[in-house]
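Whole structure, please, built from the sequences with the hints as guidance.
Residue numbers (my numbering), protein chains in the order written: chain A, 163 to 255; chain B, -8 to 369; chain C, 7 to 346.
In short, the hints are calculated from the structure, not lab data.
All the given hints hold, so there is nothing to weed out.
Pairwise CB distance ranges, derived in the manner of DEER restraints:
(1) D196(C) / Q102(B): 18 to 24 Å
(2) A327(C) / Q102(B): 35 to 41 Å
(3) Q255(A) / K170(C): 48 to 54 Å
(4) E316(C) / G107(B): 45 to 51 Å
The beta-carbon is built from N, C-alpha and C at its ideal position, and this holds for glycine as well.
Listed here are the chains, written in short residue letters.
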Amino acid sequence: MCLGIPGRITAITSPDRLMAMAEVSGVRREVNVACVAGNRLDDLVGQWALIHVGFAMSLIDEDEAEKTLLALKDLGEAQETLEQMAASQEALQ
Amino acid sequence: MKFASEFRDPAAARALLSAIAARADQIGATRAHPIHIMEICGGHTHSIFRYGLDKLIHEGVEFIHGPGCPVCVLPMARVDECVEIAERPGVIFTTFGDAMRVPGHRKSLLQAKADGADIRMVYSPLDALELARRNPEREVVFFGLGFETTTPSTALSIQQAAREGLANFSVFCNHITVPEPIKALLDDPDMVLDGFIGPGHVSMVIGTHPYDFIARDYGKPLVVAGFEPTDLLQSVLMVLTQISLGRAAVENQYARVVPEHGNPVSLAAIEDVYERRPSFEWRGLGEIDASGLRIRAKYAAYDAEEKFGIGYAAASRNVPEIEGCACGAVMTGKLKPTQCPQFGTGCTPEMPLGALMVSSEGACAAYWQYAGARTAAE
Amino acid sequence: MTLRDIHVTMAHGGGGKAMRDLIDEVFTAVFQPPGSEDQARLTNDALSEPGARLAFTTDSFVVTPLEFPGGDIGKLAICGTVNDLAVGGARPLWLSAAFVIEEGCEIALLRRIVATMAEEAAKAGLRIVTGDTKVVERGKGDGVFITTAGIGVIPPGIDIGAAKIRPGDAVIVNGVLGDHGATILAARGDLALSADLVSDCAGLGHLMQAALAAAPGISAARDCTRGGLASALNEMAAEANVTVELEEARLPLRPEVVGMCEILGLDPLYLANEGRLVLFCPADQADAALAAMRALPEGAGATIIGHTLERCGAPVTLRTAFGGARIVDMLIGEQLPRIC
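What follows is the structure, given as structure tokens:
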């Protein structure tokens, strides 16, 4: 349900109707930006948003994305250490 | 793809799978006594099968595929009503592709199209609006389908139509909400669930708080999750961690997209255009109180139910369900798809009986298509 | 030039002078078939070689829009038939073309379609030797429908087919997948998506000949048209009673095609191609086949995408990037955009 894809806002196409061009991997589609429009529409250009059925539904928080990735990286390292410990313990036995 | 491919990293997935295994062992989860985690959303079900996560995850973790596929829970009577509207002279009936194949009592939209109805697949309600602008002599009806994620898009489209005075545009509203059916599941005495993966794109609109009652009143953890494979695995780990610590809270794994309080513009549009129906029928689950939305009286001109005197607006509704269909039991986790007596015999993707076999997000179709159930059946 | 009309009318199908003018000026002037009898009379030295076999195929073409980035219905018609012959190891020689034209079709459009057909036929080294036209009333056709039939010669000693596929064969495609299907989706305009995509439509006769020369052990090949790679592989694996195991990480896909599929909830493995083939060859000849294919423009993106195993479970499986696995099934009906 609720297929949503990250896309980058590349231009405002109709300020009256709150429409903008969004790009997903080189595929362009005009989307409605009412849900993410702040005071200045032009500020949206260059931002990433979650696109669903032709609407930009939420701006993507790059810091939060970074935090999630960092947590994954830390977990990866911790897991690696655990595995190394397990391996050396096995080697000792 | 930015904000997508980074969350498909195999190394991260391996680390997550090991950590999940460690937690599952710690809890004592085994194949015979698994932890049951419901992914509510059909999009998550799709990701699980698309990436083969069901086969990679520790055997003590069992996914129960929830009711979060709007096509799957669409009652047959509603499909019949769509067909009835689409077959009226002068109507252009517009719909998302998902709904085309869902069987009604008489026919599906795909069959109605073959029989001559003007039914068009669109990507967005905006495309239906555009069709209405270009065809002022025709009545353009959009099949409004979906959970809170999709509801703002039709609300904003109706507001736009009202601004433009597009008198030939209307929405056949079938919007439904997530928290109510979850409550219905939790109230079921046979319920076996230990925790939930929450639908991230619904929470992008409504935030995380509407799920608080799940942790507070029912003591079950829920983690709002993204749709990439590491998002899902990380969320499973978060649920298991809560279980191992004896905690139950609503957590947000998908903070890059989901603000705690949702999206105010979307919520305002929903509030302006829609109101709760007293109850709404779910395929397999029956009528659930306050689980569906209808268009408010002030937008009645854009309400296809009012315009065509159909559905809940009709004097009487005939809503028999299909004999022998166990979609309800599968959706509530009481039966696995393969345990349904119709699976693979009376119900296949070619000749679907229940909606879970129609939509590629339906648990049965996913079992059939991706997970080798068909091979086993043959 | 006696043909002054801008659009095709019912008169152009009436059997009289108008029809004669249309056929003469638009079709035969360009295709230049040998002789003017009702049937083509064919001879070729390749036929006299002992053991040589004829290959014969037919196909109908319908597409909306008739012209799209990277081709038109005429190019599809020639390449489609050339490829059907080529993947059987045949050298394409002759082709027939029958046109069902809708009243009102622009004659200039017909001329452009005919020109691309002549060009593609020349590239493929085959001749369009016979044809037919019919005109149907407006609303009873979709601009132009084309039906072609092609004849080619399979040289002695070449005998490939799905039944010859063996466990352990490498599975090779000649380039990125799904460009044609994604291009058409964008070109139709009803989903309002745009991308700088070009159809992969191409004749693969020379490519197939080069591959066969470099890797004589090639067991089978098929063009991945409607239903995409997934459908072609399912058919072949079922016939050969093997399992094809694909590696997700090795599937060549353009970002735009992936983007289009992500937006619409489609699977690129089922998108149509019109210039892509999948071939099976013994693993020890795979490098030779790849090198020969990569030397030609239509094979520049040739790559190994998987291999065959003794049948275990489903005909086609895919190893995901994390080592997960899923079945790649036959498509049930048409692939529909999945949105909500």
